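Going line by line, the protein sequences match chains B and F. With our numbering applied, the first sequence covers 1 to 442. With our numbering applied, the second sequence covers 1 to 250.
Hints in this document: simulated from the structure, not taken from any laboratory. Just so we're clear, the structure is a prediction, and the values are computed from it rather than from any experiment. Some hints here could point you the wrong way.
Partial chain B-side listing against chain F, Cβ under 8 angstroms, derived [stated by the list, open to error]:
1. E58
2. K61
3. A131
4. E132
5. A133
6. C374
7. I376
8. F379
9. Y386
10. S389
11. I392
12. G393
13. K398
14. A404
15. G407
16. D411
Derived DSBU-like pairs: lysine-lysine, alpha-carbon spacing no greater than 30 angstroms straight-line [claimed, not checked]:
17. F:K25 with B:K398
18. B:K369 with B:K289
19. F:K8 with F:K245
20. F:K151 with B:K398
21. F:K245 with F:K25
22. B:K398 with F:K245
23. F:K239 with B:K429
24. B:K25 with F:K151
Where a beta carbon is used, it is the ideal one built from N, C-alpha and C, also for glycine.
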Amino acid sequence: MTGTAEPIVMDLQRKPNIHPATQAKGEALIAALADLRTGTGLATEYLKELPVPHRRVERWKHTPVSGFWTTYEAPRVQTIQAAGCEACPVPGLHAYRIVFVNGMFDAEASDLPVHSGVRCEPVSMTASAPAEAGNLEKSDWFAALNQAHATEGMKLHVDKGVVLDRPLLVHHHTHGQKSANFLRHEIQVESNAQVQLIHWSTSNEEASGMVNIMMQMDVASGAIVALDKVQDEAGQVHHLAFEQINQAQASQVRVHTGTIQGKWVRNDLNFRLDGEGCDAVLNGFFLPKDSEFVDNHTTVDHCAAHCTSSEQYQGILYGSSSGVFNGKVFVRPHAQQTNAYQQNGNILVTDKATINAKPELEIYADDVKCSHGCTIGQFDEEALFYARSRGIGESEAKAMLVHAFIGDVLDGFAVQEVRMEVEHRLATKHGWDTWNDTLESA
Amino acid sequence: MVNIKELKASIGETQILKGLNLEIKPGEVHAIMGPNGSGKSTLASVLAGREDYDVTGGSVDFDSRDLLEMDATERARSGLFLAFQYPVEIPGVSNINFMRAAVNGKREHEGLDPIKGKDFLNLVKEKASLVELDGRLRNRSVNEGFSGGEKKRNEIFQMAMLEPRFAVLDETDSGLDIDALRIVANGVNAMRSPDRSFLVITHYQRLLDYIVPDFVHVLVDGKIVLSGDKDLALKLEEKGYDWIKEDVIA
């Protein structure tokens, strides 16, 4: 290894894989959206050139997008109050709330201004020009679609050295049918600042349509950011989430993604470690049931030396649900002394559930430590019998094993109230007794 | 308390229990010995409700109820306990939570409220000391990282927590050194009472020096072929099983 070799695959511009019939569907969608709202006019050149995802586009191979080719309507409900929701989805959480309903900012339900040293405002009220297209918009049709249509979102700037005193909760709620909701969050955390973010997505039982949320986050040197992301959407909502996180020297970012409920969910989480000594943690769990679909695509791009990344995604798939995990880790030639860890565990509860899992590691530096593991299995029947032979009911025994399987991820949520609410909602969805292990510390 | 009549069980196509009869009265300790493959562990599994086995005939009466009609959970809640030959490790599930769920399952069956946290922890402390496991259960997952001896002591601890009416010990002595054997046996002996019965399955007479049985049975090819008192175990230790095959069955 010479150390100067350039990565071959990761930066390769592939020939666009255009499928004419799918392309026409994408164009029809754009035309339908044009009738609904004023676009931003951005990224339109990419939209024209990029392939609309279909089965032969590698990153969308196992991710069916046919649910997007439908009709959309302008939303009727614009406030959390009109939607009949609780003002805060997490009971007992003391946070700054920033609320969006059907892609629109709900000033009444939000707590602005946030804190001295923090500029937080809806994109629609800021004077500054929108950001230019990033890598995601240039390479992914749905990301470009976001930039072309998102006129709202949160613009957050945390000044140098500011430590936010409570978490900042960004809540998006979808209410009603056939809505097309685009949000674009731009976040800048200056050096040595610290902030805890929560992204919480909900929808009502009758909801349908699409939610497409982009988050661009720049984390300056020495800053510490935690993002707890929870998806709990009822109805038939199709949810796309893109995150691009750029880390400068010695910054720390941890992202926990919990998908409790969602007819169709795709998370596209991307880290770029640009300065030395960065630490990135990305954990997630997904427990789809019935015919739900959950896809987690992650990329960790090690561009600098002495960085660590740690990734753990755990999936339990019930009914006829399906899931995708794709974990890319790039270690560029100069990123020596990288320590990258990836683990993906999956349990298929029924023989109708499916998972497509693919770890992808591309390592171009020679003094690194990279490990990955991927498992697909069933519930441990022997452990279940052992529990039952002690008088523990079958469903409780299963809940116990589930809890053990995703416990590390659950424990990693930065905000305790989030973790407790997530456990409560999981228990409700799957009909478990609410689990609590407070005794251990008693 | 337990009345097994003409019990037949198979796994897949293979018939293992071929008409087994055994009656155990309250307070009695019965030992079952027998050569490898005679059906000892199958008997334990069938009694505990392991679904891999098909019961193809016979009956098991437990406190005047049909044991075979109950699922594994219900059997345990009704007072049956199986100490596993190979206790299962469950990473990520703490001993404490596991046992609390078990104790509360039984209490629910008995129409009682869940046990209070403090009472439960006191109970754990009391019962763990019985098998010298004090302080070794907290903050550890079920059997994970336990030595062979600790696993078997944990089985007896669990039994003490659940206070069963009828306990089956499946080769609880296997893999134990002399000290651990003594600890396990002391735990069992401390639980002997006029209304609790035991079925001790073992290969070796050694365990029966510590847990002295009222009856010893010899299981050969899915049937009990010989019964006696504790002296039978000594005779088996001395002479092996071949003489039974020759003298008794022939």
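Hint-by-hint comparison with the structure:
Given hint, E58 of chain B at the interface with chain F, is violated; its Cβ is 34 angstroms from that chain's nearest Cβ, farther than 8 angstroms. Taken as an interface hint, K61 of chain B does not check out: its beta carbon lies about 32 angstroms from the nearest beta carbon of chain F, beyond 8 angstroms. Given the 8 angstroms rule on beta carbons, the hint for A131 of chain B is violated: about 42 angstroms separates it from the nearest Cβ of chain F. About 45 angstroms separates the beta-carbon of E132 of chain B from the nearest beta-carbon of chain F, more than 8 angstroms, and the hint is not met.
Taking 8 angstroms as the C-beta contact cut-off toward chain F, the hint placing A133 of chain B at the interface is violated, the least distance being around 43 angstroms. Interface hint status for C374 of chain B: violated, as the beta-carbon distance to the closest one in chain F is roughly 18 angstroms, over 8 angstroms. Given the 8 angstroms rule on beta carbons, the hint for I376 of chain B is violated: about 17 angstroms separates it from the nearest Cβ of chain F. Because the closest C-beta pair between F379 of chain B and chain F is about 11 angstroms apart, greater than 8 angstroms, the hint is violated.
Interface restraint check: Y386 of chain B against chain F, minimum CB-CB distance 4 angstroms, threshold 8 angstroms, status holds. Contact between S389 of chain B and chain F, as hinted, is supported at the beta carbon level, the nearest pair being about 5 angstroms apart and thus within 8 angstroms. Below 8 angstroms, beta-carbon pairs count as interface contacts, and I392 of chain B has one with chain F at about 5 angstroms; its hint therefore holds. Annotation: G393 of chain B was flagged as interfacial toward chain F, and the flag holds, the nearest CB pair being 5 angstroms apart, inside 8 angstroms.
A distance limit of 8 angstroms between C-beta atoms decides the matter here; for K398 of chain B the minimum to chain F is near 11 angstroms, and the interface restraint is violated. Hint on A404 of chain B holds. Least Cβ distance to chain F is approximately 3 angstroms, under the 8 angstroms limit. At its closest, the beta carbon of G407 of chain B sits 5 angstroms from a beta carbon of chain F; the interface hint therefore holds under the 8 angstroms criterion. Taking 8 angstroms as the C-beta cut-off, the interface hint given for D411 of chain B is violated, the closest approach to chain F being about 10 angstroms.
Restraint check: the Cα-Cα separation between K25 of chain F and K398 of chain B comes to about 35 angstroms, which exceeds 30 angstroms; the hinted pair is violated. For the proposed pair K369 of chain B and K289 of chain B, the alpha carbon gap of about 36 angstroms is over 30 angstroms, so the pair is violated. Note on K8 of chain F and K245 of chain F: the hinted pairing holds, with a Cα-Cα distance of about 21 angstroms set against a maximum of 30 angstroms. Under the criterion of a C-alpha separation no larger than 30 angstroms, the hint pairing K151 of chain F with K398 of chain B is consistent with the structure, at around 22 angstroms.
A distance of roughly 28 angstroms separates the Cα atoms of K245 of chain F and K25 of chain F; the hinted pair therefore holds under the 30 angstroms criterion. Restraint check for K398 of chain B and K245 of chain F: not satisfied, since their Cα atoms lie roughly 45 angstroms apart, outside the 30 angstroms limit. Using a Cα cut-off of 30 angstroms, the hinted pair K239 of chain F and K429 of chain B is violated, with the two alpha carbons roughly 61 angstroms apart. A C-alpha spacing of about 61 angstroms is found between K25 of chain B and K151 of chain F, which places the hinted pair above 30 angstroms, so the restraint is violated.
Comparing the model with each numbered hint stated earlier shows that hints 1, 2, 3, 4, 5, 6, 7, 8, 13, 16, 17, 18, 22, 23 and 24 do not hold.
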